[in-house]
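A.B. asks: Sequence:
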Amino acid sequence: GHNILLTENADIKLVDFGVSSQLRHGNDRRNTSVGTPYWMAPEVIACEQQERSWYDSRCDVWSLGITAIELAEGDPPLSNLHPMRALFQIPGNPPPRLSRKDCLLLSEFVSQVLVKDIEYRPYANQLLGHLLIRKGAEYASKAKHELRKEILRQRIYGRHRRQPEITTKHGKLKSHKRYDQNNLNVDDLVTLGTLSEDIIVDQLRRRFEVDQIYTYIGDILIAINPYSSLGLYTTMKQKMYFKQSRSHKPPHIFAIADAAYQTLSHQKTNQSIIISGESGAGKTESGNLLLKQLVFLGKVPKSNLEERILQVNPLLEAFGNAQTGINSNSSRFGKFLELSFLPTGRVTGAKVNVYLLEQSRIVQQTKRERNFHVFYYIHEGILSEERYREFHLDSDSRKTHKYLNLDQDDYSTRLKNLKMYNEMKNSFNTVGFQNDETNAIYSIIFGILHMGDIIFSEVVSHDNTDNKSKIVDLAPLYKASSLLGVDPHDALECLLENSVSTRGETIIRSNSVIEASATRDSLVKALYSRLFDWIVNKINGLLSYHSRNDHLTIGILDIFGFENFEYNSFEQLCINIANEQIQYFFNQHIFTWEQQEYMAEGIAMDLVEFPDNRPVLDMLLSRPIGLLALLDEESRFPRATDKSLIEKFHGNIKSKLYVRPKSNALCFGVMHYAGRVIYQADEFLNKNRQVVGHRVMKLLRSSQMPMVKSLVHILMPENRNNAKGSYEYGVQSASRPQQTAATYFRHSLMELLQKMVNGKPQFVRCIKPNDARLPRIYDANKVQKQLRYIGVMETVRIRQQGFSHRIPFQDFLSRYSSLVFKYSEKIYFTREYCRVLLLRLNMTGWALGKSKVFLKYFHVEFLSKVQEEKIKKIVIVQSCVRGWLARVKYKRLRRELMSSVVTLQRYVRGVEKITLINHTRLPKRMPTYKSTNQKKNLGNNRTRVWNPNFMLCAVILVDLIPALVQMPVLNMSPMKTKGQNQTLEKVQ
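With my numbering as the guide, the letters of the sequence shown map in order to residues -13 to 974.
In silico DSSO-like cross-links for lysine-lysine, where the CA-CA straight-line distance does not exceed 30 Å:
#1 LYS337 x LYS411
#2 LYS225 x LYS285
#3 LYS454 x LYS388
#4 LYS288 x LYS223
#5 LYS856 x LYS235
#6 LYS402 x LYS353
#7 LYS695 x LYS524
#8 LYS285 x LYS235
#9 LYS353 x LYS456
#10 LYS456 x LYS684
#11 LYS278 x LYS411
#12 LYS278 x LYS858
#13 LYS102 x LYS856
#14 LYS859 x LYS877
#15 LYS223 x LYS235
#16 LYS684 x LYS673
#17 LYS524 x LYS285
#18 LYS278 x LYS288
#19 LYS102 x LYS836
#20 LYS768 x LYS353
#21 LYS411 x LYS223
#22 LYS229 x LYS856
No lab work stands behind these hints: they were computed from the structure.
Sequences are here, hints too, so could you generate the full structure?
C.D. replies: Dropping the structure here:
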């Protein structure tokens, strides 16, 4: 062993166990560490991190047990891990056990000394009476004699001492960093002994500086956006996190995917992975990496389904992401992607649910912002392919479209857009879109661009009392009408006129410049949003699984991050409310529901206080005086203005979380969980109403393009919750209320929350290290602010004290009883049987309630690992049994076939012999034939006498030939058996 020395006389000397963290001798290097932690007792490690921990001489008894395992198996437990990683796993892992089963006495000795609770661990003098020690003393002199002979033999061959073992990496010495005892670089913040915001921020900083961007809080992952490529997502990394215990590998986004996949496979329950964080924190990229790993884990051999699924996110990002002032690839819609799996773990399909596309971005972008990516990709791609005439473009029309913000239209940007265009085309082809469908999509995109170039002006006349408007240049209108397949005269009337039905009478009036522009923008927004929904529906039709029986799902939520711009409008309010809802769900799952179960089940636990954002949600979503309810109420009044809306807010909302401006500005503030945000109320009412005129729908319905016509029949998201959501021919009714964007948004939140509740959640908390989006820059204040409002301190505390998994007795025993109980044992779903199971597995730190087992996250990892090993053994046994059964069946069929062959041979030989005898035997009296025909008839009659025997042979052959085809070739040489000889003699 590493800690055992032998003298020349074979006397055994034991080296001190553990690690010396500081060398005080003057000739030694200071502040360095020597030794290895594999033999250290859990209480020794805890004492270095926690103030109230203690240990005594029994820590060496633990080290003795580790040495016993090392002597039996060659290496101590956890020796395959880096020493620093092993140091943090020893306190949390169950006591190690001897894997060899050939020495029961040694296994019993190891189990007795390796007890994590020091109060129940024996002292060294108590071990002297153990049977193993007493038996070993009887053979001590003989063993010493053999050792002396071995030492002498080693000296003769010139091997005087064992060379020291040095930890290396790629053939070079590892340079271990020098850390103080209380400031170790930990993978899991739960293992920290002293908790404070400064310590956590410093831990994340030191990990970030060495490119360790992932850190655990128990079973929750913190991911810091590095703003650079670190090479952490290769195929080799994917294989590292394939059905592995989370504690055995460094923190990684792939580990979260693997944990969800293993939980789905073992517990047969749906899973969800919820990604949250500020805008620009890396949520979209994290979602793509999770999808990549889940598809890798559930890969189906010889199938392109995985590649088709992986192309879904790039396709949706092209149509739903855009550049904002703080994020170059910001998600402007919410996405919940569900992967379906068979119970065996094979992926079978995917389904996408989308929420709240930011339609206003199509027609308006602020400074430093751009439209959706797809406009730039397709525009650059079509120009490079020289297909611009097909879509009525000029050869250099990059700066002629109103809807395209081209402030950053340099060569590198155009080159990137061209690259993304080619990737988008590849995604279309891989997923399964047809060429005519993609061309129709391109036509609609360019039709939208041309529609945006239509400019209106007021009709100049003396009697223009109706504020009539006209189109300055009809060329964009004709181009857009051609690409959309509509009549340009109908499009002109749609934009310049409006009709309203009141008391059965239809009134047609002209639109003003503002109204015509609003009609144009509503047409464009309706067209693009329906195109986006059509693409989503098409993807679901191509990739969704066909059968819902026995399918399990893992959902990935990627939703827009919390936003606080200089100018915040209705879109930012909805985005931030969605983030409030996700934070509330996190608080409920981690804190509220968990602590309520402790009280209900009688588990003694100190309550952890956490920042509860329920009052904010009540102020925003409650009815009838919540902010969104008041917005809906004001939207029903045709003459309501933004000023009247603000006055209604000020007069009805009494919460301290509502901020009133000091001036008369049309704005208000909300104290969100992430801080105060000021919202400008301009266009709140118009954006909430989302009115699409009946003339617009009629125009699109008259299109000669099948795709444009089909878009009209797509049920819009804001109408999906209505019992009657179809559009009718005719005019707009002044008395029929339409569902608002706020109402649809509220329903979407309820639907999203239901999906999250239906699956067991895994959380990924993305952190933005700096506002400049620069690599290797760590703004401690920025990080601390984010950690504070997402409740990291409270999360670490409850993960240290609490139990993240609460399993009912019946589910627990049904799932894990096979690990310790025999098949013949009668098991009852009671508290005592759960206790027996946990004790037989030598687990510590758990608790039993009135109806549930309370486990920590590492307990579940341990149980999953043991269950996986058990399943592997079961599979080996099953394969052996199946092989034995197949061999038995083969031998039986072979015996039956051989018996049939022998019978066939006997019949054939008998027939041949009888036929030969009949042909050679002379008749006693030769018949006289009157004619030649009589002789032939007699011969024919003789042949018919033996036809039944040949028919019997034919029947036997018909039955045997199929069996002979399936069986190996046999030796068909004549077999001389006693039965055959007797048959031939009888025939003769």
